[in-house]
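Peer 1: So the protein sequences, as listed, match chains A and B. First residue of the first sequence? That's -19 in my numbering, and the numbers climb one at a time after it. First residue of the second sequence? That's 1290 in my numbering, and the numbers climb one at a time after it.
Be careful, since some hints might not be right.
[Unchecked claim] Quick look at which bits of chain B chain A covers, simulated, 3 or more residues with Cβ under 8 angstroms:
(1) 1348 to 1360
(2) 1410 to 1416
(3) 1440 to 1450
Source of the hints: derived by calculation from the structure; they are not laboratory data. Computed from a predicted structure; not experimentally measured. Think of the CB as a built atom: it goes at the ideal place given N, C-alpha and C, for glycine as much as any other residue.
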Amino acid sequence: MIFGTIWYLPTVIADYDFDKKAGLNTSVVYFGMERIFSFYRILLVLLAICAIGVLVLDYDFTFKLFAALLLLLLPFIVYLIIKDRFIDYFHRVDFYRYYCIPAFVLCAIYLFIATVRYNI
Amino acid sequence: MDKFKGIPKLARITSWSPYLLPFSIGIAYGCSFYSNLNPIDLLIALIAISSSLSFGFGLNFYTDQDVDRLHDGKLKDIDLGKQPILSGLVSEKEAVSFCKLTFVMSFLGFFVNIIFGILIALNTVVLGIVYSLPPFRFKAKPVGDVAINVISGSILLFLAGIIFKEYISWIPLYFSHP
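Using the sequences provided together with the hints, build the complete structure.
Peer 2: See the structure below:
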């Protein structure tokens, strides 16, 4: 759930101007950018703790792989926030190439793991 | 020919990955405690999930036409200001037919197993109807916009992945009891 929120929030944040103009009372419009970012930072810390927990404790390989990937990604997100380039990044980024394609690749990897485990 | 371009855009295939990922992780995890998957089941499951997501995104495009018109086209996987209905790639009538078809197809999940079918049907209702349609229209409600996507991707589809195979055998077991 934490990951889901962290994954989805940037799209809401990036849509702030548009949603405000369109009269959509989304979370970012209602709470304001500042509060949402505070919330986002807390979630990042929680995600880091959970990911480390998954890596250290006796979890299935599939979760450990995902936790490791998240921990690799976290410093980049933190860098964007510290350098105040987070919003800028999500406004300019080629959304499909850097956001959706990596997730499609991960889906393929996990389905491959499933087929190997299922002995298809 | 434009229709062939319009339908994938209406289904917004480019945005499926964040929803398919939890399902894939769920399946890969589920494999750790059961085995012998029928590939046909996997195919049906993927069709049901694709239909569920297509319905959600298609309905969102249909209900958001007036709003999307205002979009500056800056980001996202597609330019919302030129979404398929607004750009004329797909007519309103075709969009409605598409939504009806994908809504029905999302119930194919019941052919995999009952729990899986319920989870995918719930996803269809939550991500499609509750998110986009009034009086719910959670996409324009604080917290609701995030909650719906988290419920859909992180909970329903993840659980659907985990129980994808597990409950296939309990139905005959249940009915075999005296």
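Peer 1: It remains to establish, for every hint, whether it holds in the given structure.
Peer 2: Hint check:
Given as covered by chain A, the segment 1348 to 1360 of chain B passes the check, having 3 residues with a CB less than 8 angstroms from a CB of that chain where 3 are the minimum. Coverage of a stretch by a chain is defined here by at least three residues with a beta carbon nearer than 8 angstroms to that chain's beta carbons; for the segment 1410 to 1416 of chain B and chain A the count is 0, and the condition is violated. Check result for the segment 1440 to 1450 of chain B against chain A: holds, 3 residues qualifying (beta carbon to beta carbon below 8 angstroms, three or more required).
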